[in-house]
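Protein chains: 2
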Amino acid sequence: MSEAQELEVLRNKIDSLDNEIHKLINERARCAQEVAEVKQKYAAPGEHVVFYRPEREAQVLRKVMARNEGPLADESMARLFREIMSQCLALEEPLNVAYLGPEGTFTQQAAVKHFGHAVQCAGQVSIADVFREVESGNANYGVVPVENSTEGVVTHTLDTFVHSNLNICGEVALRIHHHLLVRQDATESEIRRIYSHAQSLGQCRLWLDQNYPNVERIAVSSNAEAARRAALESGAAAIASEAAAELYDLVMKSAKIEDRPDNTTRFLIIGPQKTLSSGDDKTSILVSSRNQPGALYQVLEPFHQAGISMTRIESRPSASGTWNYVFFIDFEGHADDANIAPVLDNLRKISVDFKCLGSYPKAVL
Amino acid sequence: MSEAQELEVLRNKIDSLDNEIHKLINERARCAQEVAEVKQKYAAPGEHVVFYRPEREAQVLRKVMARNEGPLADESMARLFREIMSQCLALEEPLNVAYLGPEGTFTQQAAVKHFGHAVQCAGQVSIADVFREVESGNANYGVVPVENSTEGVVTHTLDTFVHSNLNICGEVALRIHHHLLVRQDATESEIRRIYSHAQSLGQCRLWLDQNYPNVERIAVSSNAEAARRAALESGAAAIASEAAAELYDLVMKSAKIEDRPDNTTRFLIIGPQKTLSSGDDKTSILVSSRNQPGALYQVLEPFHQAGISMTRIESRPSASGTWNYVFFIDFEGHADDANIAPVLDNLRKISVDFKCLGSYPKAVL
Numbered sequence: 001m002s003e004a005q006e007l008e009v010l011r012n013k014i015d016s017l018d019n020e021i022h023k024l025i026n027e028r029a030r031c032a033q034e035v036a037e038v039k040q041k042y043a044a045p046g047e048h049v050v051f052y053r054p055e056r057e058a059q060v061l062r063k064v065m066a067r068n069e070g071p072l073a074d075e076s077m078a079r080l081f082r083e084i085m086s087q088c089l090a091l092e093e094p095l096n097v098a099y100l101g102p103e104g105t106f107t108q109q110a111a112v113k114h115f116g117h118a119v120q121c122a123g124q125v126s127i128a129d130v131f132r133e134v135e136s137g138n139a140n141y142g143v144v145p146v147e148n149s150t151e152g153v154v155t156h157t158l159d160t161f162v163h164s165n166l167n168i169c170g171e172v173a174l175r176i177h178h179h180l181l182v183r184q185d186a187t188e189s190e191i192r193r194i195y196s197h198a199q200s201l202g203q204c205r206l207w208l209d210q211n212y213p214n215v216e217r218i219a220v221s222s223n224a225e226a227a228r229r230a231a232l233e234s235g236a237a238a239i240a241s242e243a244a245a246e247l248y249d250l251v252m253k254s255a256k257i258e259d260r261p262d263n264t265t266r267f268l269i270i271g272p273q274k275t276l277s278s279g280d281d282k283t284s285i286l287v288s289s290r291n292q293p294g295a296l297y298q299v300l301e302p303f304h305q306a307g308i309s310m311t312r313i314e315s316r317p318s319a320s321g322t323w324n325y326v327f328f329i330d331f332e333g334h335a336d337d338a339n340i341a342p343v344l345d346n347l348r349k350i351s352v353d354f355k356c357l358g359s360y361p362k363a364v365l
Numbered sequence: 001m002s003e004a005q006e007l008e009v010l011r012n013k014i015d016s017l018d019n020e021i022h023k024l025i026n027e028r029a030r031c032a033q034e035v036a037e038v039k040q041k042y043a044a045p046g047e048h049v050v051f052y053r054p055e056r057e058a059q060v061l062r063k064v065m066a067r068n069e070g071p072l073a074d075e076s077m078a079r080l081f082r083e084i085m086s087q088c089l090a091l092e093e094p095l096n097v098a099y100l101g102p103e104g105t106f107t108q109q110a111a112v113k114h115f116g117h118a119v120q121c122a123g124q125v126s127i128a129d130v131f132r133e134v135e136s137g138n139a140n141y142g143v144v145p146v147e148n149s150t151e152g153v154v155t156h157t158l159d160t161f162v163h164s165n166l167n168i169c170g171e172v173a174l175r176i177h178h179h180l181l182v183r184q185d186a187t188e189s190e191i192r193r194i195y196s197h198a199q200s201l202g203q204c205r206l207w208l209d210q211n212y213p214n215v216e217r218i219a220v221s222s223n224a225e226a227a228r229r230a231a232l233e234s235g236a237a238a239i240a241s242e243a244a245a246e247l248y249d250l251v252m253k254s255a256k257i258e259d260r261p262d263n264t265t266r267f268l269i270i271g272p273q274k275t276l277s278s279g280d281d282k283t284s285i286l287v288s289s290r291n292q293p294g295a296l297y298q299v300l301e302p303f304h305q306a307g308i309s310m311t312r313i314e315s316r317p318s319a320s321g322t323w324n325y326v327f328f329i330d331f332e333g334h335a336d337d338a339n340i341a342p343v344l345d346n347l348r349k350i351s352v353d354f355k356c357l358g359s360y361p362k363a364v365l
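Here the protein sequences line up with chains A and B, keeping their order.
For the first sequence, the numbering used here assigns the number 1 to the initial residue and increments by one for each residue that follows.
For the second sequence, the numbering used here assigns the number 1 to the initial residue and increments by one for each residue that follows.
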């Protein structure tokens, strides 16, 4: 056979595979519609039927990754199924998702990574607005940043949970890059101060120590504000994103200067419903205790006793004044699990205040 | 059956469909690998084998849209196949794509819409840099904006083609939104001037005439620059994107003020290779003629005679001075088509200079 003939044979085979894949995807979409019909049929009059099931989606994606034998990589295949589910779900119920905007932010990327492309996303100007959109029902779900693997939590988001009845129903992890930006007319010897958000300065600390040990570091309100200042002042640089470089007409002096190549930010999906167990979950709780010796120990001990693995703990001063400490704790497992429910019951009794922020599937992708 | 039982039956069915879809996608990926092997086998020693075939991808997507019977919408299904092809191609050859950056721009969106998510995208600071990246081989393809449906061409991109040997190998269309941005402390009566890029002012002309008939409109170098000025001057507003609002701490006074709800920007995919006919193509040419009466008629007449449908014509003053007029012309069909090749041959003879910028599949999505 000639090259053209060999390619022809393979392309015909691809075409017939595409035909089959196409048929099966539409059959899957019909099944998703039937699921919606069954749910409607059994719903009480006026009941708001929920079609999006985070635990079910996580299970499907885990199965995809587990059974995959290639040649496509596990993650590539899971991304394809993420999109297939997104399109099927849009047939049952077009989802509205509120995220911390504007367009082009990492939080928008996280929303798309979690929900796929078949949802309506609306950027909000603050984390509080994302909560409000979901609380009012304008949006079905919200996406907010919560934690960076280098610098710890984005405190504001956790504080918002204190006064909200929304549940955490999912988590997303995203890689984040930082760059050192200077004016077009700047030279190396000229950099006398470096502006950035405190979190970004922290994420690039080692790199700054090595490359600009004697340069003043100034924390400002946002990386965009840092870029704005670097554009105005001679002798200044900023740590910020590529987008900020463009908007303020700065040049990238050094790219990807974050200390950890796996520098990730964690985002939470928030919604009005509780999520059932997916078999591999995390739970986030808020516990407050009196300012007395051993308070933290008292909170942690039940977890240790029950052999529950904690993935994160953060203590925050109480804003309301009625509590002396607030602890945000993430641990492995679902609040309904047999070994966890009694621990939470116990905590509820011994703490000044206790709130389960939600149990949700661990990020699959 | 109970609700739980009915759902169980449907979910099992979905699981087994997913199993089949999964197997078939990997089988498709194996076929794509075999295509790569065949191409390698027949390649001359040292030959750079090209795996990405725009005309073949366009054909596959058109077949998907044509045979689709739902319930998924034609476009939803085509998007899924866009991603499946993107992942399969990445196995054959991981593509590098240069786009007019930074991250978060419409041009990046266009790159992803055209190539799917399984490519490496790198933002460039100028259109000339995108061309250079592709010419030097650092990137396999480039993505640049070329035309807006309301305001006509982005002139700079076309001028760059005059001195480049790259070919147009695809086109992408994207919806674009504009917003009226003001400072947090502004009131309606205070708006005395509105800044924006000339193109955006043009795209919102009717809306401005109706809502701000007596307010001065000032064209600046970019919408980001407009936002920067609106943030500094009291009594000023800007027409710009949501991203600009956030960076300059402006508020959105009116959203989506573009006159045409279908306001789209067209982007071109540029690359080193020529693209074969997909059966439904467009061709872009550059023709220069002497400044003499009837010059334009002389250029257009052969198209009319051959019954070729022109989709766009733009005349530009020649930058080099050796030409008096340069015409950029888009028409339907492929340069290799039997009815088109003779017309181009004829144009080549009668014009001062003639260049075929490329034949490429019409945008499918």
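Take the hints with a grain of salt, since some may be wrong.
Heads up, the list lumps identical chains together, so a pair's fine if it works in one copy or across two of them.
[What the hints assert, rightly or not] In the BS3-like style, the derived pairs of lysine-lysine whose C-alpha atoms are separated by at most 30 Å in a straight line are:
#1 K253 x K23
#2 K113 x K349
#3 K349 x K253
#4 K39 x K274
#5 K13 x K41
#6 K23 x K355
#7 K41 x K349
Hints in this document: simulated from the structure, not taken from any laboratory.
Here is how each hint holds up against the structure:
| no. | hint | result |
| --- | --- | --- |
| 1 | K253 x K23 | neither (51 Å within a copy, 46 Å between copies) |
| 2 | K113 x K349 | neither (38 Å within a copy, 53 Å between copies) |
| 3 | K349 x K253 | neither (56 Å within a copy, 50 Å between copies) |
| 4 | K39 x K274 | within (17 Å within a copy, 53 Å between copies) |
| 5 | K13 x K41 | between (42 Å within a copy, 19 Å between copies) |
| 6 | K23 x K355 | neither (46 Å within a copy, 44 Å between copies) |
| 7 | K41 x K349 | neither (40 Å within a copy, 72 Å between copies) |
Hint compliance for this structure: hints 1, 2, 3, 6 and 7 are broken, all remaining hints hold.
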